[in-house]
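Assemble the whole structure, with the sequences as input and the hints as a guide.
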Amino acid sequence: MSAVLEHETAPAPIVREPKNYLNVAWTVRSWLLTVDHKRIGLLYLAGITFFFLLGGAAAGIFRLELMTPQSDLVESETYNKLFTLHGIIMIFFFLVPGIPGVLGNFLIPIMIGARDMAFPKLNLMSWYLFMIGGIFTLYVTVAGGVDTGWTFYTPYSSTYSNTYVMATAVGIFITGFSSILTGLNFIVTVHKMRCPGMTWFRLPLFVWSNYATALIMVLGTPVLAITILLVALERGLKIGIFDPRLGGDPVLFQHLFWFYSHPAVYIMVLPAMGVISELVAAFSRNRVFGYKLVAFASLAIAVLGFLVWGHHMFVSGQSLYAGMVFSVLSMLIAIPSAIKVFNWTLTLWRGEVTFNTPLLYAMGFLGLFTIGGLTGLFLATLGIDVHVHDTYFVVAHFHYVMVGGTVMAYLGGIHYWWPKMTGKMYPEGWARFSAVLVFVGFNLTFFPQFILGYLGMPRRYHVYDEGFQVLNVMSTAGASILGIAYLFPITYLIWSLKYGAKAPANPWNAVGLEWMTSSPPPTENFIETPVVDFEAYEYHRHPAERHG
Amino acid sequence: MSNADEHTGLGAYFLVYGALMVGLLATVAVSYVPLGSWNLVVALAIAFTKAILVVLIFMHVLNSPRLTWIAVSAGVIWLAIMLSLMMADYMTRSWLPTRAPADMALPSYRELVPLSDQAIQAHGHGAGEASQDKEAAHDSEE
Amino acid sequence: MSTTATLPSATAKRTPVVAHHFDDWDQQYDACVLGMWTFLVTEVMFFGGAIGVYMIYRWQYPMAFAHASNELDVWLGTFNTFILLTSSLTVALGVRYAHTGESRKVGWMLIGTIFLGAIFLGIKAYEYYTKFHHNIAPLLDLPFDWGGADPGPTKIFFGLYFGMTGIHALHMIIGVVLMAMFIPAAFRNEYRDGNSLGVEVIGLYWHFVDLVWIFLFPLLYLVDRAITAPPAL
Numbered sequence: 001m002s003a004v005l006e007h008e009t010a011p012a013p014i015v016r017e018p019k020n021y022l023n024v025a026w027t028v029r030s031w032l033l034t035v036d037h038k039r040i041g042l043l044y045l046a047g048i049t050f051f052f053l054l055g056g057a058a059a060g061i062f063r064l065e066l067m068t069p070q071s072d073l074v075e076s077e078t079y080n081k082l083f084t085l086h087g088i089i090m091i092f093f094f095l096v097p098g099i100p101g102v103l104g105n106f107l108i109p110i111m112i113g114a115r116d117m118a119f120p121k122l123n124l125m126s127w128y129l130f131m132i133g134g135i136f137t138l139y140v141t142v143a144g145g146v147d148t149g150w151t152f153y154t155p156y157s158s159t160y161s162n163t164y165v166m167a168t169a170v171g172i173f174i175t176g177f178s179s180i181l182t183g184l185n186f187i188v189t190v191h192k193m194r195c196p197g198m199t200w201f202r203l204p205l206f207v208w209s210n211y212a213t214a215l216i217m218v219l220g221t222p223v224l225a226i227t228i229l230l231v232a233l234e235r236g237l238k239i240g241i242f243d244p245r246l247g248g249d250p251v252l253f254q255h256l257f258w259f260y261s262h263p264a265v266y267i268m269v270l271p272a273m274g275v276i277s278e279l280v281a282a283f284s285r286n287r288v289f290g291y292k293l294v295a296f297a298s299l300a301i302a303v304l305g306f307l308v309w310g311h312h313m314f315v316s317g318q319s320l321y322a323g324m325v326f327s328v329l330s331m332l333i334a335i336p337s338a339i340k341v342f343n344w345t346l347t348l349w350r351g352e353v354t355f356n357t358p359l360l361y362a363m364g365f366l367g368l369f370t371i372g373g374l375t376g377l378f379l380a381t382l383g384i385d386v387h388v389h390d391t392y393f394v395v396a397h398f399h400y401v402m403v404g405g406t407v408m409a410y411l412g413g414i415h416y417w418w419p420k421m422t423g424k425m426y427p428e429g430w431a432r433f434s435a436v437l438v439f440v441g442f443n444l445t446f447f448p449q450f451i452l453g454y455l456g457m458p459r460r461y462h463v464y465d466e467g468f469q470v471l472n473v474m475s476t477a478g479a480s481i482l483g484i485a486y487l488f489p490i491t492y493l494i495w496s497l498k499y500g501a502k503a504p505a506n507p508w509n510a511v512g513l514e515w516m517t518s519s520p521p522p523t524e525n526f527i528e529t530p531v532v533d534f535e536a537y538e539y540h541r542h543p544a545e546r547h548g
Numbered sequence: 001m002s003n004a005d006e007h008t009g010l011g012a013y014f015l016v017y018g019a020l021m022v023g024l025l026a027t028v029a030v031s032y033v034p035l036g037s038w039n040l041v042v043a044l045a046i047a048f049t050k051a052i053l054v055v056l057i058f059m060h061v062l063n064s065p066r067l068t069w070i071a072v073s074a075g076v077i078w079l080a081i082m083l084s085l086m087m088a089d090y091m092t093r094s095w096l097p098t099r100a101p102a103d104m105a106l107p108s109y110r111e112l113v114p115l116s117d118q119a120i121q122a123h124g125h126g127a128g129e130a131s132q133d134k135e136a137a138h139d140s141e142e
Numbered sequence: 001m002s003t004t005a006t007l008p009s010a011t012a013k014r015t016p017v018v019a020h021h022f023d024d025w026d027q028q029y030d031a032c033v034l035g036m037w038t039f040l041v042t043e044v045m046f047f048g049g050a051i052g053v054y055m056i057y058r059w060q061y062p063m064a065f066a067h068a069s070n071e072l073d074v075w076l077g078t079f080n081t082f083i084l085l086t087s088s089l090t091v092a093l094g095v096r097y098a099h100t101g102e103s104r105k106v107g108w109m110l111i112g113t114i115f116l117g118a119i120f121l122g123i124k125a126y127e128y129y130t131k132f133h134h135n136i137a138p139l140l141d142l143p144f145d146w147g148g149a150d151p152g153p154t155k156i157f158f159g160l161y162f163g164m165t166g167i168h169a170l171h172m173i174i175g176v177v178l179m180a181m182f183i184p185a186a187f188r189n190e191y192r193d194g195n196s197l198g199v200e201v202i203g204l205y206w207h208f209v210d211l212v213w214i215f216l217f218p219l220l221y222l223v224d225r226a227i228t229a230p231p232a233l
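Protein chains in written order, with UniProt numbering: chain A, 1 to 548; chain B, 1 to 142; chain C, 1 to 233.
Keep in mind the hints are simulated off the structure, nothing from the lab.
All C-beta atoms in this analysis are idealised placements derived from N, C-alpha and C, irrespective of residue type, glycine included.
Simulated pairs of lysine to any residue, SDA-like, Cα-Cα distance not exceeding 25 Å: (1) A/Lys238 / C/Gly148; (2) A/Lys19 / A/Gly512; (3) A/Lys502 / A/Pro427; (4) C/Lys131 / A/Leu246; (5) A/Lys238 / C/His134; (6) A/Lys238 / C/Phe132; (7) C/Lys105 / B/Gly11; (8) A/Lys121 / C/Gly198; (9) A/Lys121 / C/Val17.
Among chain A residues calculated to face chain C with C-beta under 10 Å, some are: (10) Val35; (11) Met117; (12) Leu184; (13) Val188; (14) Met193; (15) Val218; (16) Leu237; (17) Phe242; (18) Leu256.
Below, the structure written as structure tokens:
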């Protein structure tokens with residue numbers, strides 16, 4: 001930490017800037033046609049930040065509506081469109097491509113000592129597919145919205161809804177291919193592009209978790225694609241696949257949808273776990289405790305994640321026996337998740353902990369993810385789920401995992417690697433302040449929702465019983481704080497591009513290949529191909545292991 | 001694999017092609033033999049045999065690194081996961097008794113709280129019976 | 001060693017151009033082949049979803065599916081399977097010739113494959129036409145004349161038939177276009193050095209399209225030919 005402050009205050013020496021991936025070319029064309037994984041990562045950063053703001057704005061409006069029990073700010077149809085837009089954008093255009101698209105693209109080749117992804121052009125194509133899908137969604141937003149919820153349940157989506165379902169479906173279909181190609185690229189890159197000496201068990205855990213994520217992307221996303229295609233065929237060509245009037249079964253749609261969409265939550269959270277592994281190790285100056293366990297826990301989550309989708313359908317007419325099986329299997333996911341949380345905690349134990357901004361976010365993650373995960377166990381329990389199904393309890397649960405988990409880790413990761421990505425330091429004081437503000441705002445927003453759900457307030461309604469108002473006002477107040485807290489990093493990070501102190505190659509004194517090249521790295525990452533002769537996280541041996 | 005066998009091995013492709021043709025004729029022929037539900041089993045068994053031949057020989061998996069084998073098995077295993085867990089729902093739906101057995105039936109509200117004599121007088125005997133019938137219908141719906 | 005078809009190791013007489021981010025040709029070759037296999041796994045799951053839908057509905061409506069399946073022309077289906085399996089052979093031979101550096105033969109094999117693929121698509125189109133002609137195409141509120149029982153599930157069967165074979169045909173069209181792009185290079189003798197990577201990757205894709213049909217054919221056309229009573233599952 002003292003090293004950091006020194007670099008912040010020391011006057012920047014006047015030297016000619018060496019060539020790096022940023023100053024190698026300045027034209028718009030050099031960005032839009034780049035095949036450099038680092039530039040593509042920054043392109044994703046721009047796209048994702050935009051969609052995050054859009055999705056957040058939708059949430060802001062309906063949170064304001066929910067301040068009062070009556071319908072005053074928006075009417076019911078607009079409300080439905082707002083929460084649908086919020087869900088679609090946040091899931092398909094922020095959480096799924098977020099950490100893999102920005103940090104994964106930027107870091108994986110550097111972390112494994114490669115010059116680029118295995119398929120750089122495919123990588124660029126992923127970004128374009130992502131943006132084209134996004135343009136469809138923007139069109140839907142401007143043209144009049146869609147009101148099916150992000151889950152597109154049939155027969156409402158295929159037959160009854162008279163909103164822009166087709167355009168949304170096309171957008172998500174295209175974005176799905178972006179996700180598939182990203183996953184494919186990650187898998188091949190990790191298998192085939194590692195530099196000499198970089199064995200599997202020397203890989204940073206961020207790479208492991210992104211590899212596990214890529215497996216889910218590749219195995220799950222195609223099922224979403226075919227599901228959306230079938231709904232589109234039903235809506236567009238009137239081929240009745242799920243149509244109950246013909247004997248079709250809407251629950252079958254739910255099976256196919258959740259076969260992707262449950263593993264998709266692990267697409268969203270696994271990369272976040274990878275970020276946390278890096279942050280915890282770097283700021284406690286300890287090896288990640290139980291490296292192999294954490295690595296295999298990522299794979300275990302990826303595999304088990306495919307066996308539990310039925311817990312979204314406990315009250316949908318699914319067989320009770322299948323429900324029991326899915327309930328038990330869902331419990332199993334808690335094991336690898338808990339392994340990770342315990343191991344991160346043990347990594348911090350007796351470490352030389354410095355509370356820089358990235359670690360503040362990581363600590364936030366640890367607490368909030370634990371709450372989110374444990375309430376997930378409540379929901380996986382068949383009997384309890386019947387009561388809290390489709391209430392705010394579910395909303396609070398997945399926001400604790402997705403916002404308290406993934407967004408926290410994303411912000412922590414962005415701060416941690418910002419010097420590497422841009423060559424500039426962010427202002428530490430402001431960053432710590434906003435990290436705390438995010439934590440406070442988040443809890444004020446979503447903790448009341450646990451209570452609301454437990455008391456029985458259903459989700460997706462814009463009018464509610466007056467008895468729920470106090471908790472809803474708390475939640476809205478928290479959302480305002482959270483909204484402002486998110487604007488801080490966006491502002492000061494952009495500010496730091498021009499005014500930030502120049503970042504050294506290794507501002508955190510961390511280990512890992514990404515800190516052994518300059519900040520920002522040259523176009524092909526390293527001057528010459530590195531040879532790895534050290535283990536991951538070689539800070540010093542972990543105290544717990546020393547004592548055996 | 002030396003240069004010597006570069007121009008051999010063509011035979012294997014034609015051998016596999018022949019086997020595929022035999023499989024094609026067999027599957028069409030067998031489909032006309034009434035075997036009940038075994039028709040599906042036989043047809044799928046032949047299809048899998050053909051698929052394995054194509055994957056191993058035409059697609060060269062037989063001589064491919066372990067990673068290719070893993071990729072192929074991952075596809076098959078994940079497909080099996082999806083189909084079997086989906087089927088698990090549909091197969092077991094009918095197992096659940098739609099109505100509780102008679103000795104498990106809970107007493108109705110009216111049995112626990114009988115109408116007072118006054119109420120029966122006020123509404124008349126017939127009305128009381130009708131409402132009980134309605135209740136019974138309601139119970140069975142649940 | 002001629003009992004199993006082994007690809008001779010790519011004995012490139014001249015090393016092909018290696019892309020900037022790869023260390024050597026072997027790395028590039030391995031990466032591209034693994035990439036194609038990974039893509040094929042995604043395709044398995046893609047078609048798998050549709051097969052799952054078929055499976056569930058066949059389980060729920062065995063008789064309706066049996067009767068509807070018997071409406072399909074089994075001889076056209078068989079002939080098409082024959083065509084597609086043959087095209088798989090030609091593409092496999094093409095890949096082999098690319099390995100051994102017989103570039104022009106690669107070109108002829110690709111042309112043969114495209115020709116067979118076109119025949120398949122033509123027959124498929126004719127089959128679609130007959131369905132429209134007999135008013136059993138459940139698209140766009142067209143008239144649906146079904147004399148038998150259960151018109152609803154029958155409609156679902158034909159919906160799935162059009163959906164699954166349509167997606168399969170779309171994959172074939174993509175494959176034909178991609179293969180056509182390799183023909184000029186083959187006749188320019190560019191595979192004389194055994195640089196078969198491109199042909200090999202497109203070959204894998206074509207074999208996969210063939211594999212899908214190997215399963216679609218019995219599932220859609222055959223399994224209910226002999227069934228007169230509901231299957232006793």
